[in-house]
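For this one, chain A is given, so just place chain B on it according to the hints.
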Amino acid sequence: MTTTTDDLSVVDPLDSGRRGEVINGYELIVGLEVHVELATATKLFSASANRFGDEPNTHIDPVTLGLPGALPVLNRHAVELAMRIGLALNCTIKPSTFHRKNYFYPDMPKAYQISQYDQPLNVDGHLDLPNGIRIGIERAHLEEDTGKSTHFGGASGRIHGSTHSLIDFNRAGVPLVEIVSRPDIRSAEEARQYVTELRAILVAVGASDAKMEEGSMRCDANVSVHKPGTPFGTRCEIKNVNSVRSLGRAIEYEARRQIDMIEAGETVRQETRHWDEGDGRTHTLRTKEDADDYRYFLEPDLVPLAPSAEWVEAVREALPMLPGARRARLAEATGVAPDSEAIMVVVERGQDDYVLAVGHVGGDVARALVHVKEAYADAGAQPEVPAADLAVLTKLETDGKLTATQAKAVLADLVVGGGGDAVAIAKSKGFEAMDTGALESLVDQVIAENADAWAKFCAGEGKAMGALVGAAMKASQGKADGKQVTALLNTKRG
Amino acid sequence: MADALPTTAVDIADAVRAGRVTAVDVVERHLAAIASREADIHAFNLVLADEARAAAAAVDAAVAAGRDPGPLAGVPIALKDNMCTRGIATTCSSKILDGWRPPYDATVVTKLAAAGAVLVGKTNLDEFAMGSSTENSAFGVTRNPHALDRVAGGSSGGSAASVAAEFAPLALGSDTGGSIRQPAALCGVVGVKPTYGYVSRYGLVAFASSLDQIGPFSTTVDDAALVLDVIGGHDPQDSTSIPQPHPSLREALRDQDISGLRVGRITDLPEGCDPDVLERLEVAFDTLRAAGARIVDVKVPAFGYALTAYYLIAPAEASSNLARFDGVRYGLRVNAADTNAMYGATRAAGFGDEVKRRIMLGTYALSAGYYDAYYGRALKVRRLIADDFDRAYQSADVLVTPTSPTVAFPIGAKGDNPLAMYLCDVYTIPTNLAGHPGMSVPFGTGADGLPVGIQVLAGTLGEPAMFRAAAALEAASKRSMA
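Residue numbers (the working numbering), protein chains in the order written: chain A, 190 to 683; chain B, 400 to 881.
Hints are computed from structural coordinates only; laboratory data are not their basis.
All C-beta atoms in this analysis are idealised placements derived from N, C-alpha and C, irrespective of residue type, glycine included.
Heads up, a few of these hints could be off.
[Unchecked claim] Sample of chain B residues lacking proximity to chain A, with all beta carbon distances greater than 10 angstroms (derived): (1) Leu445; (2) Leu496; (3) Pro501; (4) Gly539; (5) Asp654; (6) Gly671; (7) Ser718; (8) Ala722.
[Stated by the list, open to error] Stretches of chain B that chain A covers, calculated by requiring three or more beta carbons in the stretch to come under 8 angstroms of a beta carbon on chain A: (9) 596-602; (10) 629-639; (11) 699-711; (12) 726-737.
The shape of chain A in the complex, shown without the other chains (with noise of 0.2 angstroms):
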């Protein structure tokens, strides 16, 4: 269950401020509520497991299950990572207080869930997309987790027509935050973007696994569309969404719905709908009407939490470096553009000291994205190789001591070797680099024998460059540089 912040924020501007972009002449307005499971030991306010995948209902205990007198206690590493992730979000910490969320459900064993409502614990930070676009983050406050119910017996797998339930309160109690982003996402691109750059922040910090699949990060979304320059239209809420993919086309089906009614002369209602991933719709899960009336009221089993400036710095100061800046640092050690795949890549991986690395020892950084976005994929798991020896490696190649096609064999060795000596590999295997006379004479040799490709490449068909420089490569059997070849055969076309 989300917090619903229809009291809590006015959001009916005139203007959107950045434009996004206009479908029909409507313009798409996002806002993002995203739940992420903490990374603690324990749960949120019991000393039971926070375990995920383990038999049902084996970490439970009295304040889990919601036993009579029993009473939560706070766990302050779960209040440092929803500190580390409001930090990490540019949020302000704030005297911060819990609320109980009052309503029946077979999962939620209290008969309230708490959380906090009007004093969250993080408040007015920000999050910018690799390409530079800022949201607001509203809020970022801390909530437990329900019971998981899976019911049995009817024919769409909810509640209603089934005839029986079981309930798994491992889940029950399990730490939340809740990030609640400001209505400033204007397509489905940035709000894919926003998750994925949320996600890598969420992992940056070690708060979260935050795995949408598995369920420790789930997302809500908030879709309206509008005419630019009118107030915000109607908005509805979008649950139900498993992926970052799902969650794309989720908003791009409801805008298209939204605005189809507008088009139609309906109107759209508030209310909370259900994704579909089987046909891709959106369906009327409740209306406003039927929507509950939470009765919530401070939780007087807890007392204010108000982290010390001390503890808040010394969280602050304990926080790795960001996505964000690596992206920057690399963008400037590199000259590529920090939203480009390439960079985005290496960061996803982590081998920024591999591409610094290499910047370092005079190497081409560029061929060093190469390498991490080409050969570490192919290598599939995360290669264990120390920097500094993929270094050397791509510096001999930089320096035309190896070919690509030879960098791309010794690499293999370090990624299975886990390291080693790049110039010794290079040697063992007998890798040298063509002279440039040995190289001419193996490129006229190849003209010479491709005399169909030779006259299409003079004719100005780029294809047949491809076939020229392949033929190359098997006649030297990968010694020939193929950015070399390339080179000469433009040069004797004249």
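Okay, now just chain B, sitting in the frame of chain A:
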């Protein structure tokens, strides 16, 4: 020889620790008293005779082995049946907890056991501690040991009656709006509601969490101090328990001199108190003055409006606290067509009228559109009440009032009139809203020869002064009887 056995908790513990009497003899005498009068009084929902004998034997074995069983060695104690006891039914005198046995002990139960106390039974109460007469119990009314046609007060009526009937020298109750002090007054025993957070609430089934506090019943002020010294103190399992250690109350009682103590007489106390009770109040002031205290007049307007705020705040919290009794995990379940119908059927069958009344009141007070006018407003009044007390405690160390406006009333007299019943707590409720301590000490008799209790109140952690004033009243009361 039974007559030679000590009767107070202090004397029993001393004698058992010294090996002068056995805990088994002590518990047998109390079990015999239960056997002879419990059928008339109905103080208990459950008598734990076998468990008590075993616990007493263990205490004796410890003494025989040269170990100290603790400050409550061999002292029988009765426990209000809203405190969790591992493996032993805990009912809150409600049908909705039918068959439930807690898998854990309340912190007070753990502390009592560690101190050598012997649990003799779980006592009757108004269902979920909601009431002032113990008539709202699903298991029948508790009768006043002084007059069997009268109520014992409530909601901790079973605990008060068990001490008054000498079933146990000590009992624990819980006090949300007067539920320890009022039955103590009506049954002629000492009853203490400590400062909020003095005693851990872990394992106390919540009625109104911001008001609930566990406290003792005893026959003497010293005994109450003894048990509070055992059960008080910080509990990491209760976030609202006071972190700093508090001084021993038994130590505080060694100084009996109250000369110079400023005793506040509230001049704007709400009317409606019976004249026989007011007469005893005047005697109380005379007694304290004679002992050297200074009587000062104070105004505490809070007494005039606290009841209204209380009947919004307490039911609001109760509506949330009692929502967990939904038939899903434990206790009663009445099956029905779907989940929502099961909730309704279970709660309709499981809760009594007074509990339902308060759940509805509280749900309404918290509802969208009514919150500001009711619950929100009550919270503001609550702050004003604390301010009122703070002003009064600038000129007085303790305040003295009647505990209850009347002596014990006949069973059934107020059953049809909830408002009349709520007024029983007009003098006790303001203290709970302020989080302050209060205690009732027996002080002679009123109409029909029934006990009258005098209430002593103090500010936050003002227990030492409160206990000294109560001890002075107790001493005078005992002298006049002698």
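Hints and how they fare:
With 10 angstroms as the threshold on Cβ separation, the claim that B:Leu445 sits away from chain A holds: the shortest Cβ distance comes to roughly 16 angstroms. A beta-carbon of chain A is positioned within 10 angstroms of the beta-carbon of B:Leu496; the least distance is around 7 angstroms. Not every Cβ of chain A is farther than 10 angstroms from the Cβ of B:Pro501; the closest lies at roughly 7 angstroms, contradicting the non-interface assignment. No Cβ of chain A approaches the Cβ of B:Gly539 within 10 angstroms, the least distance being about 22 angstroms, so the stated non-interface status holds.
Annotated as non-interface, B:Asp654 keeps its C-beta farther than 10 angstroms from every C-beta of chain A; the closest such distance is 33 angstroms. For B:Gly671, the requirement that its beta carbon stay farther than 10 angstroms from each beta carbon of chain A is met, with the minimum near 30 angstroms. Not every beta carbon of chain A lies more than 10 angstroms from that of B:Ser718, the smallest distance being close to 8 angstroms; the non-interface claim is violated. Not every beta carbon of chain A lies more than 10 angstroms from that of B:Ala722, the smallest distance being close to 3 angstroms; the non-interface claim is violated.
Note: the stretch 596-602 of chain B has 3 residues with beta-carbon separation from chain A under 8 angstroms; the three-residue rule is met and the coverage holds. With a cut-off of 8 angstroms between beta carbons, the stretch 629-639 of chain B has 5 residues touching chain A; three or more are needed, and the interface restraint holds. By the rule of at least three residues with a Cβ nearer than 8 angstroms to a Cβ of chain A, the coverage given for the stretch 699-711 of chain B is violated, with 0 such residues. Interface restraint, the stretch 726-737 of chain B with chain A: holds (3 residues with C-beta to C-beta distance below 8 angstroms; minimum three).
Consistency with the previously given hints fails for numbers 2, 3, 7, 8 and 11, ordered from lowest to highest.
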